[in-house]
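Work the whole structure out from these sequences, hints included.
Taken in order, these protein sequences are the chains called F and R.
Numbering follows this note's numbering, with no gaps: position 79 of the first sequence is 79.
Numbering follows this note's numbering, with no gaps: position 1 of the second sequence is 1.
Derived from the structure by calculation, the hints contain no laboratory data.
Being a predicted model, the structure only gives us computed values, none of them experimental.
Hints may be right or wrong, so weigh each one.
Unchecked claim - Only pairs whose alpha carbons sit at most 35 Å apart, straight line, appear in this in silico DSBU-like list of lysine-lysine:
#1 R:K516 / R:K539
#2 F:K156 / R:K730
#3 R:K154 / F:K235
#4 R:K156 / F:K489
#5 R:K156 / R:K99
#6 R:K660 / F:K489
#7 F:K807 / R:K750
#8 F:K220 / F:K273
There are 2 protein chains.
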Amino acid sequence: MASKKKRVYLFEEGAASMNAELGGKGANLAEMTNLGMPVPPGFTIDTATCNEYLAAGDKMPQGLWEDVDAALRVVEERAGKGFGDPQNPLLVSVRSGAKFSMPGMMDTVLNLGLNPVTIEGLIAGTGNPRFAYDGYRRFVMMFSDIVLSNDFPKLKKEHFEEIFNALKAKVGAKQDTDVGAEDLAVLVGQFKEYFQKQTGYEFPDEPKEQLRLAIEAVFKSWNNPRAFTYRNAEKIPHDLGTAVNVQTMVFGNMGDDSGTGVAFTRDAATGEKMLYGEYLMNAQGEDVVAGVRTPMPISDLKDQNPKLYKQFETIAQKLEKHYRNMQDIEFTIEKGRLYILQCRNGKRTPAAAIRIAVDQAKEKLITKDEAVLRVEASQLEGAMHPQLKDVTKQKDKAIAKGLNAGPGAATGMAAFDADTAARLGKGGRNEQIILVSAETTPDDIHGMLAAQGVLTSRGGRTSHAALVARQFGIPTICGCGELSINGAKRQFTVGDTTISEGDWITIDGTTGVVYKGQLPIEASAITGEFAELMEWADKARKLMVWTNADSPEQAAEAVRNGAEGIGLCRTEHMFLGDRVPIVQRMILAEDDKVRQKALDQLLPLQKADFLGIFEAMEGRPVVVRLIDPPLHEFLPNHSEVQQQVYVERILNPTSKKLAKLEALLSKLEEMHEANPMLGLRGCRLSIVFPQIVQMQVSAIIGAACDLKARDLDVHPEIMIPLVGHVNELKHLRGQLEQVAKDTMKAAGVKVDYKFGTMIEIPRACLTADEIAREAEFFSFGTNDLTQMAFGISRDDAGGFLPQYLEKKILKEDPTVSIDVEGVGKLMRLCVDLAKQANPKIKLGICGEHGGDPASVKFCHTLGLTYVSCSPKRVPVARLAAAQAALEEKAA
Amino acid sequence: MASKKKRVYLFEEGAASMNAELGGKGANLAEMTNLGMPVPPGFTIDTATCNEYLAAGDKMPQGLWEDVDAALRVVEERAGKGFGDPQNPLLVSVRSGAKFSMPGMMDTVLNLGLNPVTIEGLIAGTGNPRFAYDGYRRFVMMFSDIVLSNDFPKLKKEHFEEIFNALKAKVGAKQDTDVGAEDLAVLVGQFKEYFQKQTGYEFPDEPKEQLRLAIEAVFKSWNNPRAFTYRNAEKIPHDLGTAVNVQTMVFGNMGDDSGTGVAFTRDAATGEKMLYGEYLMNAQGEDVVAGVRTPMPISDLKDQNPKLYKQFETIAQKLEKHYRNMQDIEFTIEKGRLYILQCRNGKRTPAAAIRIAVDQAKEKLITKDEAVLRVEASQLEGAMHPQLKDVTKQKDKAIAKGLNAGPGAATGMAAFDADTAARLGKGGRNEQIILVSAETTPDDIHGMLAAQGVLTSRGGRTSHAALVARQFGIPTICGCGELSINGAKRQFTVGDTTISEGDWITIDGTTGVVYKGQLPIEASAITGEFAELMEWADKARKLMVWTNADSPEQAAEAVRNGAEGIGLCRTEHMFLGDRVPIVQRMILAEDDKVRQKALDQLLPLQKADFLGIFEAMEGRPVVVRLIDPPLHEFLPNHSEVQQQVYVERILNPTSKKLAKLEALLSKLEEMHEANPMLGLRGCRLSIVFPQIVQMQVSAIIGAACDLKARDLDVHPEIMIPLVGHVNELKHLRGQLEQVAKDTMKAAGVKVDYKFGTMIEIPRACLTADEIAREAEFFSFGTNDLTQMAFGISRDDAGGFLPQYLEKKILKEDPTVSIDVEGVGKLMRLCVDLAKQANPKIKLGICGEHGGDPASVKFCHTLGLTYVSCSPKRVPVARLAAAQAALEEKAA
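Below you can see the structure in the form of structure tokens.
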């Protein structure tokens, strides 16, 4: 005979540290009990017992029932009630609870212990027969569904609901609440009858039999298919087992000296230190949820029952102190006695998260490092963008959901093309505008900048629209496939809703939800605590945070947000606007002389661009990426020119205009590419047309020389994009070093500059040792690297990526957060090879991932020098970098 | 004092094995001398001496000159001539010769030893003053250019040519040969005068001074920039040094008992065992090259001088036996005495290579394994395609050069679109047609199949045109960027040439050259020796060779060529032809019912396709790839529909046709992708539209069941393309296994089938362990893998890849031969991870690289199970696989 094992733990026998044995829920109830909190008494059967039961082929271990019985007797005593007692019945809840929270496991059974006898005791106690019978019918349904429907599928909840619906029809009730106590009593009878018909057994009335069946059901649920699949997916071991929690039910609806409520230890919206929450007297939790009665603010309890309020306040403070975090506490008052049912770290708005963390550090409740770890970096962004006011109240106005591509909320009148948006929006009639379009192209920038927000039906989080959105801080939703846009009719439809040009819509780029109408928006300011938190973060982090900025304005904003350099200055935006005609002349030039003339015109303009940016960065390093996109992006749209040609051919077949258009069309067709992403761009373009980058390097170094001559500090770093083979870099660097030297010689000034490359092609990672020998820095272009490693075009991903996320084929969007398993492996390979070959090399990242907290943390583990992200995300990256360093220190 | 080192080796003191010391050329001359061949006497200064010279700062090592002098005395004695002797002067050639043949090193100086005195002896000996003075003026020019122009750039050859041209103008000579002996004597004087003017020195007349200067020039040339760069690129160490070869000149133009010629020990065209070559009496080698006199076949020498012929024949046989390979021998007869100047392995046609290897093995000259190693696998393909007859004679008809995309020659009339080609070509008027087009799409297949050959101005070796070309064995040139095609005028121009529709052109898809006019083509048959060689190869190889085939005809051809399975059966071709309307109905279906109806129509058609292929493969495994390309590839061309809409809008704005066209256009726009290569295709398509692949699996398994029911053997392997994440495979395989089971259940038959995936996305390689656990086989799709690892679209590479190859940024086209450093690294990573995770997994390759010999060898080292290539390339792959195994054994 085996020695007697301890299987059943009264709450007071456990602790938070025993979550492996007692499960998360059981351990937490034990912890609160031992803190002296008034937790309704109960006990937990440990996880080992579950394994014993299953290993024995679903057999209750010998002696278990005796132990349960003994624990139950202690609980009866504590509760002052008896299990099955006709006058003062003890009712219990039975819940599963594994070490990790796990969907697919058995749900809660409430009110266990009810039967035709104990119901009378409950009615006597509450004076509320309707409540008692409602609890009874719920118990029969829940017990049947949860405990037995695996063996008897006809016992699923929906079958009982059908019976209930039939009864409601018969008595003429519209809602559940319209059915009275007597009818509910009839319903309980019908339920039990149905149960017997399906199972061949009477519904178990004996409370201990109910309890035994419920406990066994919890054990068995450990191996139900959904739980099994979940553990496989999450790599949770299958041998942990689940605990079973049996706890006394308490009721807040036993009269005017009873009640229920929820409260936070600090204001969850602002972070202010005060009790914050609501309660309702003579009510159950579900009454609050149902919204039949309006709950009162917790502060009212102070007047209504100062003693109880004081007791609760003391408990709340004790819990916050114990858990060292703001708590969300559920409580019930049963006949004047306070019970704590649950406490957990409270959810809070981004602004509150910051304030609470900083306050708690100042109160010495936590350390500054802990404060830094307390605020989720991704939340930070939410604290920096305009937000929808009272989101929850607007739910019914939501009409569609797309990808949350550019955070922040915006409201405006729908405009269906960029020109209209520009005409009506900022700089035009100054109306509030939301640009709605299938997708956006570089030609649409004027419209995007004039709009409050952008909404597209195609494209992913790194589509053109999304990139521009984040770059310029425009709230944007992309890839909202539900929209059916009719450009000709200038409207879109989604479901039954039609939005025409000029109709108001509101978008929340933080969540991706589109609303009908003009909803209230609130700006969010960076508070004093925010700055303090950032200061603490900066002390902790090792990664530098740089920014992606293409203009002096963006550079200045980024510096204000704490950027320590520019990691990506894209030069192609400098080819737009009023320079387009010159750029087009350059591209369409039939001979080198004409091309050179156009480039000579561009040189002083580009030089002025760089001067402005270098000045704004005040001596911080600036990585300038040489021209990257295919040249056809700067030419008129192919399909539009085609249309003009077709039309002209019919209407004016002999016009000079036609000849000119046809020549342009022919050039466009010559330059057309099947997959421009993988075509003539980046360094390839520069190898075929070296004059453009020669002009650019001349402009960069020329601008730097000018500043140097004025005794200002400047550190340009020239980045050659899209290198896949070391020889590409060698070839170009050779030419461009010469240009740099010539430019400095002409200016009579020496400048500290670097040459490096963007690592964005898988092959570059695989051969990083060779490339590192020819570069002074690497910057991971994780947008393209992800696209190529995954074989997914960011512009086309809208066709399947949303489905992938929905079907859990991918857990996360790899264009948002670095795919550590795949792309990350490639990056690590690259870092290892590069550092071996060139220990002095500087490594950074400038893809969109540079502003994603999880990716920033990954970059920290890679040992990069810096991450670079859009100006708005700089604080996010600073915090994430600090957290990565602190987490590493703790590990 | 250092001990005396041996620096100078008479030819008889060396051997072939001493190529590090004597350089390749010196070692070979030594070897021939020691074989008793009548090699003109001479000596070699070793490579160490060159290093000594350079290390000392360009100083002749002490004692070297004494050693040279001593060797020279032996040579004088052997030659029976004296260096500087006025009556019987010894003239020598001086040549560099490093261990590896190396461009940029010093060229040959001939006739060294000539001066105003020895020239008289030469005239007396040859009785030909013009020859003597021609040699003299060449010597002065060559010596100045090669020995001294590094220090004096004005001594470059072209400056002397100018002087010569001036003289020719003066004496009224059109060609060099029109200038007589006396004028040449004047020219020598002018050359020497020019020399003095440029250098300030007299031209050196003293033979030993000439020799010293020439030897030093050879030493110095080791470090000239071109040689240095070449060694860097080829990773040849810089400390090898070069040897110097000094050899007696012999002359074939010393009268009618002198002559010169070149002969092969076997027929270089057919491989027949016979002396094969040409000679010319009283002539120098350059006379043969200049084509002034027509040389005679070597067999004529038998009649003209049987003794000499016999001597030469014996020498030839001895050399072949010694070198164990067919030899290419240069000889000169000086006054009745035979000299062998050089011998090397002879170049041969593919057909000859096969016959010679097999014959020599049968003669026991070499082993069968050696025979297998002797034939270059890439040559084999040349033996299987129609070839241009007498290529060298057609040089002047060449008008352009593109990428050799589909091997074989073809001639026909130019047709500028697929419909015209189909109307005029095979199946139409049966004219011979070359389809000329900017590029081809799947819509053009009918035109390509009707043509003798295809010529495109865009696209690389793996563009659509090239893939189809190799699949169907159509001679094809792609990416011929020089062509300017004017589709409207139905013509193309290149340089001054304009080719209009109907004009004859000829293309050589093996070399990429385009010719004007109708040139003669010859078919090439697989001879008996070919089959024998293949049999020996099959015994040696470990890799299996499978084929890429989409039809029963291709499958049968591949089996005839030795294929052991199908590694890639593309199913999308089964969606073309008369099935297009059904396929389009399926794609454009607005609801699932309509779509399913179209799929139900396709099911029996696809099933019939598979039945035919399975039958043709007679029980060999067949890997069927489920649908891969984006659906819009099956729809009408977007830009054409657009044109129709624009035109219709103007001409018939209210027509029903317009409404229909607009609906189609709207659908096309909805499906349009910016980068279709990285878009909704492969398994992504199947996850979004599962019905298509469900139909395909039902057809595959259904066909297999039918054959099984007829007691025939069948092994389908179902391949899911474009998997980048294991969950894609899991998701689809789960669904499709069910379809397979359902289909077998319905048929009442069990079939042996496998599920696997194509590895064509970098991420799949990086996470191959996870994917391998869910797959029974992997097949590397190296076309896409190369595209994504390199970030290069095969359809757009024409814009820069040719320049990359020209500028040596890439040594080889990675779309032709696996890029071992980058893509290969990824493949090896994949193989290692996959085998660790699933030791039973079967690994193959089905990209175009599967037919490239270097890539096949790489696949052998990876330890793959099979390579799969187009039917025509199966023998190539068999041979390459055998060679890989034999080379490995030898290593």
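Here is how each hint holds up against the structure:
A C-alpha spacing of about 45 Å is found between R:K516 and R:K539, which places the hinted pair above 35 Å, so the restraint is violated. For the given pair, F:K156 sits about 30 Å from R:K730 by alpha-carbon distance, which is consistent with the 35 Å threshold. Our distance criterion of 35 Å between C-alpha atoms is broken by R:K154 and F:K235, whose separation comes to about 78 Å. As the CA atoms of R:K156 and F:K489 are separated by approximately 76 Å, the hinted pair breaks the 35 Å bound.
Pair hint R:K156 plus R:K99 holds up; C-alpha atoms about 27 Å apart against a cutoff of 35 Å. Note on R:K660 and F:K489: the hinted pairing holds, with a Cα-Cα distance of about 17 Å set against a maximum of 35 Å. Annotation: proposed proximity of F:K807 to R:K750 holds, straight-line Cα distance about 32 Å (limit 35 Å). Between F:K220 and F:K273, the direct Cα distance comes to roughly 45 Å. Violation of the 35 Å bound is thereby established for this hinted pair.
The earlier numbered hints that this structure contradicts are 1, 3, 4 and 8.
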